[in-house]
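Those protein sequence lines, which keep their order, are chains A and B. Using our numbering, the letters of the first sequence correspond one by one to residues 1 to 273. Using our numbering, the letters of the second sequence correspond one by one to residues 1 to 380.
These aren't lab readings, by the way, just hints derived from the structure by calculation. The hints are all genuine.
If you anchor each label on the Cβ, the simulated ranges turn out as follows: (1) B:Trp114 x A:Lys234: 40 to 46 Å; (2) A:Asn67 x B:Arg273: 46 to 52 Å; (3) B:Met5 x A:His111: 46 to 52 Å; (4) A:Gly216 x B:Asp51: 32 to 38 Å; (5) B:Trp114 x A:Ser267: 36 to 42 Å; (6) B:Ala300 x A:Pro23: 56 to 62 Å; (7) A:Asn67 x B:Ala304: 57 to 63 Å; (8) B:Glu89 x A:Asp245: 41 to 47 Å; (9) B:Glu89 x A:Glu5: 47 to 53 Å; (10) B:Cys115 x A:Lys214: 33 to 39 Å; (11) B:Trp375 x A:Lys16: 24 to 30 Å; (12) B:Trp114 x A:Glu5: 27 to 33 Å; (13) B:Met5 x A:Lys194: 57 to 63 Å.
Stretches of chain A that chain B covers, calculated by requiring three or more beta carbons in the stretch to come under 8 Å of a beta carbon on chain B: (14) 72-81; (15) 97-110; (16) 125-134; (17) 145-154.
Dumping the calculated BS3-like pairs for lysine-lysine here, alpha-carbon to alpha-carbon at most 30 Å: (18) A:Lys234 x A:Lys192; (19) A:Lys214 x B:Lys45; (20) A:Lys162 x A:Lys214; (21) A:Lys144 x B:Lys45; (22) B:Lys183 x B:Lys45; (23) A:Lys145 x B:Lys181; (24) B:Lys181 x B:Lys237; (25) A:Lys162 x A:Lys192; (26) A:Lys145 x A:Lys162; (27) B:Lys374 x B:Lys330; (28) B:Lys227 x B:Lys330; (29) B:Lys45 x A:Lys145.
Just so it is clear, CB atoms sit at the ideal spot from N, CA and C, and this is done for glycine as well.
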Amino acid sequence: MAVIEQLTQDFLRTKKLPHIWCPGCGNGIVTAALVRAIERADFDQKDVVIVSGIGCSSRAAGYLNFNTLHTTHGRALAFATGLKMARPELKLFVIMGDGDCSAIGGNHFIHSARRNIDLNAVIVNNHIYGMTGGQHSPLTPVGKKATTAPRGTLEREFDLLKLARGAGATFGARGIAAQPRQLEQLIARAAKHKGFSVVEALSPCPIAYGRRNKLGGAVEMLREMKDSSISVEKASSMDTSELEDKTLTGVLFSEEAPEFSEEYHKSINKENA
Amino acid sequence: MAYEMLSGSQAAAAAVQRAGVDLVAAYPITPQTAIVETLANYEAKGELGGDFVSVESEYAALACCYGAAAAGARVFTATASHGLAYMHEVIHWCSGARVPVVMVNVNRAIGAPWCLDPDQGDSLSQRDTGWMQIYCSGAQEVFDTVLQAYVLSESLLLPCLVVFDGFYISHTYEAVDIPEKEKTLEFVGEKRFKPQVVPGNPVNLHGLTTGDNQILLVRNRHESMIKALDLFKQVNKKFEGYFARSYKAVDSVIPPGSKTVFVAAGSTVETIRWALPGLKDCGLIQLRMFRPYPAEELCAVLEAHDVERVIVVDRNCSIGMGGIFSQELKAALYNMENPPIVEDLLLAGGIDLTIDMLHRVLETTAEGKNADQKWGVDVR
Ligand code: SF4
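Produce the entire structure from the sequences given, and follow the hints as far as they go.
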């Protein structure tokens, strides 16, 4: 059997398919990259747990054939923290959307980063609340339209990776749905990193975001995503003026620092010794 | 009169637009989102007459409303289900702080697991927070109640929750009479409250107090809330004068000779109303106001018609006790000389009420252990 078919059979709940995502949605590409990354990281399937919040991308949990928890809006990281502390051997992937992670869940995001707890946050950033039909999120770029910002949003957006780093995360990467292989590699590296890892996956939502902002269909959105991004490696030899309006992809930071669940259990063992 | 085909959500937004609001704070959640989206559109077209703030969570939405109301603004927000649950702390806070706030809650079940159906447990979980609660059975009622809620809330300095069922009301369309804004503004009137935060007059609000003070504040709030029962009548008299329709806290359709009465709140009222001609010796009571609880009015209606059997339709369940509307009704009947028997039809989870169910419930009499509690799944 071809590798891809084997992966589908092992790692997807095929009975749950077809998925609910719209044609052209990037959620499927990101989910597939995640599946391949888990394979690449060579984790035991029984140790992998997927935790998601709520929103279009969080529906991925239902399609993935691991222990999967669909949790409340913005709180997936808090639920995952409990799992990791109780069972440190688990490999946890936390799937969130941009609204889920950075608006209502912003507090849990910065505190997971601060603790440097070994969770792998995969944030599917489509710049919009897709499931509820297109409201602006903290990652909607200034000027872009949403049902709750018909004139275009005036609010400045987060730079999610700067936020994560500032709060103490030790691994941060950005991939794009237009380059699924790179995205897969980034998630796999995040998975292997000990500490709080953040992978921001830029993903097209042609329905609730693209249409309202006249960005074309999925193909145009993916093309634009590709054209406007550049890898950190290439960018390192370029002028800042050339990098204006470019989105950096790749590993933006990776550092070593004590991981919270390990430190905690070490301290308990010391006390009990 | 100008009729428009509106969903319950659009009717709520239309009322807010015609109530002279200064600030709307918004966060999306199904099945409420259409309300704040409609308001965002009004704002974009310059027709809202107030500010529209899109915030990062439901908690922030209500806190933002609190802040604006403390500064003297007429405010609005809407939510549902998990959003309302997440607001819980500020829901208490707004009431304790005596700021007028009008909020719409569109009923939807609370997880786990995720469920979108219109269980009433979200709003009923907020029963004891010091908010008035009014349950609507259709889009016209939603429009009218939102306008009335501003008068109630600002007169009593207590927040008001206007509640209706997700999808059955929020997403279905009906012809709604939308009066001229001039008239609705005149009805709602000038703001009846003073800002708590006034530049040049520094105050420290809501600092630490003792139980000895707190009990007085709680009693004061309770007594204010009770006044809503009379005020609701006055407000509706005024409303009738303006718009030629009015509502009661407890409405009823009880044909002579009715032995059984269904008690319901929300969209199930309309199902029963429609089925009533085919249900032998049956009447209907619509419980519109839930907080304050119109116990006397309810008992008076039951007494006047010599009702023998009451079947409460509860699209909710207080786990370990039963339907919340039926519990409250039983408590209210305690002082009645010949109270009717009370049975409970539980539609928890938000399941649909069908006419078949009504017939089946009528056929099965209450005998044996727990026979007074019937689960909707067993009688459909
Ligand atoms: S609304 Fe957008 S994010 Fe949601 S499934 Fe459709 S395309 Fe994807």
